[in-house]
Structure formats: C-alpha cells, structure tokens
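Engineer: Chain by chain, the residues run as shown.
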Amino acid sequence: MKLHRMVLGLIAIGAAAAILAHAQGGAGVTEAMLLNPPADSWPTLNGDYSARRFSKLKVINDTNVQFLSLDWEARVTGGTPADATPGMRLGNVRVAGSPLVVNGMVYFTANDNAWAMDARTGRVMWHWYRESLGNEPVTSNKGFGMYGNWLYFITRDNYLVSLDATSGAQRWIVPVADPKQYYFSTMAPIIIKNHVIVGTGGDSLDLSGFLQARDPETGEIQWTHYNTPRAGEPGFDTWPNEYAAAHGGGGAWVQGAYDPELNLYYYGTANPNPVYAPQSRAGDDLYTSSIIAVNPDTGKMAWYYQASPHDTHDWDAACDTVLIDGTIDGKPRKLLAQASRNGLFFVLDRTDGKEIVATPFVDNQNWFKGVDADGEPIVNLEKQPSLGGSLVWPNAGSATNWPPPSFSPMTGLFYVGEGEGYGVFYLTDTDEHPEGYAGIESALGEGPGAIKALDYRTGKVVWRHNWPEGGGAIGMLSTAGNLLFAGNNDKLIAFNSRTGKILWHAGLTGGPNAPITYMLDGKQHVFVFAGDTAYNFVLNISAPAPHAKKK
Amino acid sequence: MKHQVSILLTAALSVMAIALALRAQAQAPTQTQSQPPQTQAPAQTPAPAAQEPAMAQPNPAAAAGTQVTVSATPAAIRQSGEDPEAVARGAAAYASAGCGSCHGAAARGTGTGPDLVRSPLVEDDTKGELIGPVLSQPHPKGGQKPDLTDQQISDIAAWLRVQVYGAAMRDTYQYLDIVVGDPQKGEAFFNGAGKCNTCHSVTGDLAGIGSKYAPPQLQGLWISGGANARFGRGGRGRFTANGGMLADTAPPNITPSTITITVTLADGQKFTGVPVSVDDFDVAFRDMSGAYHSFERHGEWPKIEIHNPLEAHWELLKHLTDDEMHNVTAYLVTLK
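Taken in sequence, the protein lines are chains A and B.
Its first residue numbered 1, the first sequence is counted upward by one per residue in my numbering.
Its first residue numbered 1001, the second sequence is counted upward by one per residue in my numbering.
Please note that the accuracy of each hint is not assured.
To be verified - Straight-line alpha carbon distances no greater than 27 Å define the calculated DSS-like cross-link-like pairs of lysine-lysine that follow: (1) 501(A) with 460(A); (2) 383(A) with 1141(B); (3) 383(A) with 56(A); (4) 1303(B) with 383(A); (5) 331(A) with 193(A); (6) 491(A) with 369(A); (7) 491(A) with 1303(B); (8) 58(A) with 501(A); (9) 300(A) with 354(A); (10) 1303(B) with 501(A); (11) 1195(B) with 1212(B); (12) 369(A) with 1318(B); (13) 56(A) with 491(A); (14) 1195(B) with 1303(B); (15) 1318(B) with 460(A); (16) 369(A) with 383(A); (17) 460(A) with 331(A); (18) 383(A) with 1318(B); (19) 1318(B) with 1185(B); (20) 460(A) with 334(A); (21) 523(A) with 491(A).
Said to hold, decoys possible - Have a look at the derived ranges for each label pair, beta carbon to beta carbon: (22) 1269(B) with 67(A): 29 to 37 Å; (23) 1266(B) with 73(A): 32 to 40 Å; (24) 297(A) with 1309(B): 53 to 61 Å; (25) 63(A) with 1290(B): 41 to 49 Å.
Quick caveat, the hints were computed from the structure, so don't treat them as lab data.
Ideal Cβ positions, reconstructed from N, Cα and C, are used throughout, including at glycine.
Looking at chain A on its own, in the form it has when it is part of the complex:
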C-alpha cells in the first residue's frame, strides 16, 4: 500500500513534470543553454559548440553497456501521400544528420522533410514537407539549428526555413542562393548569439561558396562571407584573375565549431572549382579546402589554414573542426583538430591558426610531401588529374568525410572513421577555360576501413579497429562512461574508448548516422537513426526508479 501511494505520487509528479515541460516548450533554446547544454538536451548538431561529440553522461558505461536495450523504434516516411513522383518515394528518406533533443522532443530533417517526435514514445508530432525546386540529387541534409522555440534548416535548393517547434508551422522561408545556378545546400545552421549561420555551395558549375548570417527573427541577411576573395582582398593573389576567384567554389556545407571566449567561429571549406582541372586557377586558390576562423558578429576572417593548397582531387576540408582544450609540451593550449578528406590529421592553435600537427592518418597516400615553412602541406603536383589518368591515394570519396568524428577529453583520443583506397583522376576538359568538374575520377579500389584512435598531441594511432568489411567515414559519439559509439555496416557498436574493445552491438535496418545521448526522466538514452528509422536505447537493468528517494 505504501508502495502504491508512492508510485501514484510519482506518476503525478511525472505527469506534472511532463505537462510542465510541454507547456514551457515556448522557452526553448537559450543562449545559456547553447553555451552549456543541460544533460537532458542535445541542442545543436554535435551536442555543443565544441563539435567534440563527447557527452559527460556516464549512467551507461563500460561496466553496464551490455544491458543496453531497445526502448522503442519508429519509422518516418517522407514526401506526401500525393507525391508519387520519382526521387522522393514515400519512406525513401535517410536521416543523415544528428537530431536535436529539447524539452523531450526530437527534431530532425531529411532533405525536403522535417519532423518533431516525442522522445518518450517515438510518436511523430508533426511533419513538414516541401518539394525541392533544385536538380541536385542531394541526400544528406544535416539537420536543424534551434533558438528559442524556432527551428532553422536549409533545404537542398537553398531556402532557409524557420519553423515553430511546437506546431511545425512555417514562420518564414527565404532564398539563400539560386538552385538553377547549381547551388545546393546541406549544412545544419548553427546559432551563435543572434545569428543564424548557414552556408551553401555546390561544385557542379563553378560557383562562389559562401557563409551567411541571418537574423533569427526575420531571416534577413546580417553578413555574407565569400570563401574566395574578391579583387584587392587578402588571398586574391593566389588566383590568376578575378573571374577565376569569383567562380572558384569553396562551399560551406559542414557545421563548424564556436569558441565563445575568442568569439571565433571555425569551419572547413569545400574544394575549389573547376574541380579536377587546374589550368584556369593556377595558385593556391584561397580559401578553398581550408580551415577558417571568422568573427560571427561581422563575418570577418581572423585566420585561415589551407589543408589542400590548389586542390584538384575534390578534397574538401569540409569535415568537423573539433575544439580541444589540451596540453602541448606541458603548456595548456586552445587547439582545433580536423581529420581531413585528403588523409591528413591537423592540429592547429585556434587562436591564430598555426600548425602544430599535420600528419597522415591513412595507411596509404601518395601526394603529401611534408609541410612548408607556414606548416601547410606541400602537394605533389604530378598527381594532378591528367589525360592518361593519375593514380592517387586516397580517392575523391576520400580518407574520411563529413560524418562526424569524436574527441574524448577523458582519453585524449580523437576517433575517426577512415577508408583506404585509390582513384584514377582523368582530365576530360583540356580547354584553357574548363568548367564544372572538367574531369572524371574512377574510384576503382576501395579497401576496407578502420576506426583509428589518435593521440591529439601527435596524430599517432593509439588503437585501431579494422573492419572485416565496410568502413570509411563514420559518425561517432564518445562519453564519460568510457564508451565510443560507432557504426559498421548495419550495426551500432559500443567500444571501450580507451582500448577499442567491443562491448556491445545491435543490428539495425541500415547503416546508423552519428549517435547522440541525453537524459530523460532520469534515464540515459542513446539515440540513432538508420535510414528512415529511429532507435532509442536505454539500460535494461533494474536501476532505482528515476524519481525514487534513496532509502
């Protein structure tokens, strides 16, 4: 009887808390929350501004993860019932980016679709859909940014959309770039103070990629930062002429990271254009394939580091820029790390962009000739695409890619999913004014990949797990429970983050995206999407009831 009353009481409290949480949905995401995300939220793509994808939660840990079990799964369908046109069949969606979790609701996107889902039940609360006007078959929209009770995402045809998180109602939709010019967009917007920062690119037809800040209330432009310089601007002398620079590519399509103390926003830029043909853009082609720091209030660049000078292999530096507060030679340092598509691991001083580490993380590469006086890679120009073909390791699909790596401050290890492979790069447009890709890459050899755990101070491999099959770039999550979550083929796997030992796995209906974790009703959840299906895992052991007082 006593128990009975207690449980009833708990239910009442739980119900009240739940109703309160919903009633307070209006409060949504605050600046303070973005600076210091509460344990019961995942308010940005990578969990916080650092892009480490590290959670302090340790309810689930290396001693109990074997009891991790399915709480619920839920499948979403894209498009509308009336939409039977090719390209967006019902159910034919892939949730590529990590969802946001705020006030017990999960928010996520897939291309032209967006959803809110009850984190407790998997129930779809609303679904927004709009048919794209673009012609790029992009399938990897990275998701939402959130501020207050407003959600922001960019469609593949470059419209920035603001939705009401409660109802899914569209507040406004504004064009960022013209899809007919072959601009396309996939980046999850990042909210910094009163700026909604989005980027766009698309490398099919020699555009000028840019980053833009928009007003969170109106969607109006606050500033635009082109990733290639205009005449007279610094870096302009790395292009032969204004025309080449203005059509030089360098999109912005991966969410970066933000250091509030330095007030700098960091991101990696895409490859230059024309993609494979070098002849019309002699020079380093700044600021393409670069890591850039900009002031989020003005869009002014503070520093840059070029990961692939004069790239001709589609090696975007558009991979996560992970902020690490670490120690180098006994001195505390503000660092930024990136495992880049060209196969190099970079560690920079994020106050000034100075190189500390630039070393291959792949087993095989044949273009890197060391670093120059500025600490930037020296490229073997003989490996540029050619008529007869140039055999290059890694290939254009790359050593790694946008699926996010993870850094654990607990282990000091940077985890990256990598793939070994080569491609043959042919020039197909020998005109002195080539356009578009202007070449063909034949990616004939893709070997199996590995997870590598790198010492952030040196880039040295501390442990690696070779996949029997599959691999390549993998979205990851590390936690203070000494766990690393990652996917291989159709499995979600938990590793001991110090040793690389496999501790748990679950078979899903497809390859998982980057997992997230959060507390809800006193339980730690691990949440992941595989294609169109959400999986929510909790510990299936008799832990104390979440609201129970200890006796």
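For this one, chain A is given, so just place chain B on it according to the hints.
Structural biologist: Chain B alone, transformed into the frame defined by chain A:
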C-alpha cells in the same frame, strides 16, 4: 499488488498520452503540411544579387583569338531533355549569327564577351523566356538587333541550356584519348618489374583484351584486377559476390579473381566458399555447392580466412607510377 500498480501506471500513462496527443493535434492540425513557400514563389524569386559576381565580365582565361573547342557531349544532349534537332539548329544559328566571335565557340566567353554557360540568365532559362527577350532586342554591346528568327532564338536558347547542362552534369563527360604511354616500356614492365606475367599471359587470359574494352575501361580493369567492376569487392571493401538470397542456390562462379573464404568451426567442421558478408559479429557465405551458411562469431571462433587473389594488385598500386600505368595500358591496347 504489483499487477495493480502496473495497471494504474498504464492507465496514468495512457491519460498522459491522450492529453499529449490531443495537445499535439491542436497544435498541428495537419500532420503533414505540404507547403509551397508562401512568402516567395521561387520561380519568380531571383537568388540574392550577391551571388552574381560575374555576369557581365569578360573571361580573361579565354584570351581573344583562342579557339575554344569543347562542347557538350551527345550524352549531355540526350540527358538534358532538349530536342536534339533544336539543339543542332541552335548550334548552327549561334555560329552563323557570329555569337562565338565574342562569346566563344562553346559559349564560354572570350576576352571580349562574357561566359554564357556561367550566366545566371542562361542557367535560369527554361524555355527561352529569359534568353529570348535579350536576343530579340538590340544587342547590349553591338547596338544592333541580331538577325535571328523567333525559331532561331528558341533554338539557340536550347543549345545554350545544353552547354550548361553538359558542364554541370559530370555523368555526361567523356574520356579523351587516354593512351599516352609507351607500349614497349609497358611490355618490359609487364614481363619485368611489374611481375604481371607471373599470373597473366598475353596469349592466355589477356589474349585480345585490347579489342574487348575501350582504353579507359581497360586501364581500370587491369590495375584493379576488376575488383570493383566484376568480382569480389564493392565500395569500401564490401563483399558483393552473389548475395544473400536463400533461394539462390547456384554454385558460385569461381574465377581467378574471386575472393574466397574458409570458415572452420570449433568442432573442426570446415567450409570453403565465397563471402556474402563478414563483420565482427557474424559471417555469411555460400559454399562451393551454392548453399548459404551463416554463423555467429565468438572470439576466435569460427576461424575465418579470406583469400583475396587481387592482393597483389592492391600492393602493386601502392607503388605503381603513372608512367608505368600508362605504359602498360598502351601495351595492352595493342593486344588485339
């Protein structure tokens, strides 16, 4: 007692769920909101002007007097959905009207006239509605109305759209002549440093290979051993042999390039076949009779050995120079 609690719990949760559902319904009257953009109809909404840095700029990369020779490929014309005859007429009209003297033979611009392929006006055009008005009025530079019929204007617009499509859509690209190597040196490498002749023979498995494949395919096939294209491995080292259909019981077709697997169980039972999938938790394969098997993996068991006959190619390619690759290709092309 326990039972009672769980019933109460269920009831309470149901009430909550109903309340939440009702609330959700009130908030989102339509579960699926198919909303075309309300604020702008994008067809009439130009992109922000900031995205157009180059409309009226001459293209210095194509200096005056340079003969621009590239043009959209037949695949581009086919895939673009434009009427091929209109495109052909448009090419002729573009040339005869003298557009190329400033805009270049392939409309990519010259020192005196802008690139039309990268022109937003051309890119945004769908049926001549933007290009047409420009061509039916005095030319912005020349002051004279081009001597073109409405049909010619429409045809030129179609041809221009194909130029845009052909540049942007890389699946329409064509290889140029990729045979740039020295066949004698290729033969020497084949029989010498490359050790190709330890497994292959130009009068045996490679006889007539130069007639069977176009050079780009031939080069891809010989360096990879056909790894991705036909046998064993797919992207990121995936096994693609046969597949997982239980009903498919045909014996596997074993070629010299086929990846095979040997699986030994703890009780000594041993299987040989082709892998369907292998990960850290289970292994699936077809044995030589075609029968499908799968086993869970626990620690060392079952023992798995993968035999990849293409390992030698993989190792070779880590050190193969481009000259060596081109030379061997030039040699193999001669094996008619």
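Engineer: If a hint holds in the structure, say so; if it doesn't, say that too.
Structural biologist: Hints, verified against the model:
{"no.": "1", "hint": "501(A) with 460(A)", "verdict": "19 Å, holds"}
{"no.": "2", "hint": "383(A) with 1141(B)", "verdict": "43 Å, violated"}
{"no.": "3", "hint": "383(A) with 56(A)", "verdict": "44 Å, violated"}
{"no.": "4", "hint": "1303(B) with 383(A)", "verdict": "41 Å, violated"}
{"no.": "5", "hint": "331(A) with 193(A)", "verdict": "31 Å, violated"}
{"no.": "6", "hint": "491(A) with 369(A)", "verdict": "37 Å, violated"}
{"no.": "7", "hint": "491(A) with 1303(B)", "verdict": "21 Å, holds"}
{"no.": "8", "hint": "58(A) with 501(A)", "verdict": "18 Å, holds"}
{"no.": "9", "hint": "300(A) with 354(A)", "verdict": "18 Å, holds"}
{"no.": "10", "hint": "1303(B) with 501(A)", "verdict": "19 Å, holds"}
{"no.": "11", "hint": "1195(B) with 1212(B)", "verdict": "23 Å, holds"}
{"no.": "12", "hint": "369(A) with 1318(B)", "verdict": "16 Å, holds"}
{"no.": "13", "hint": "56(A) with 491(A)", "verdict": "24 Å, holds"}
{"no.": "14", "hint": "1195(B) with 1303(B)", "verdict": "32 Å, violated"}
{"no.": "15", "hint": "1318(B) with 460(A)", "verdict": "21 Å, holds"}
{"no.": "16", "hint": "369(A) with 383(A)", "verdict": "12 Å, holds"}
{"no.": "17", "hint": "460(A) with 331(A)", "verdict": "19 Å, holds"}
{"no.": "18", "hint": "383(A) with 1318(B)", "verdict": "14 Å, holds"}
{"no.": "19", "hint": "1318(B) with 1185(B)", "verdict": "20 Å, holds"}
{"no.": "20", "hint": "460(A) with 334(A)", "verdict": "20 Å, holds"}
{"no.": "21", "hint": "523(A) with 491(A)", "verdict": "23 Å, holds"}
{"no.": "22", "hint": "1269(B) with 67(A): 29 to 37 Å", "verdict": "33 Å, holds"}
{"no.": "23", "hint": "1266(B) with 73(A): 32 to 40 Å", "verdict": "34 Å, holds"}
{"no.": "24", "hint": "297(A) with 1309(B): 53 to 61 Å", "verdict": "60 Å, holds"}
{"no.": "25", "hint": "63(A) with 1290(B): 41 to 49 Å", "verdict": "45 Å, holds"}
Violation of the numbered hints given earlier is confined to hints 2, 3, 4, 5, 6, 14; the remaining hints are satisfied by the structure.
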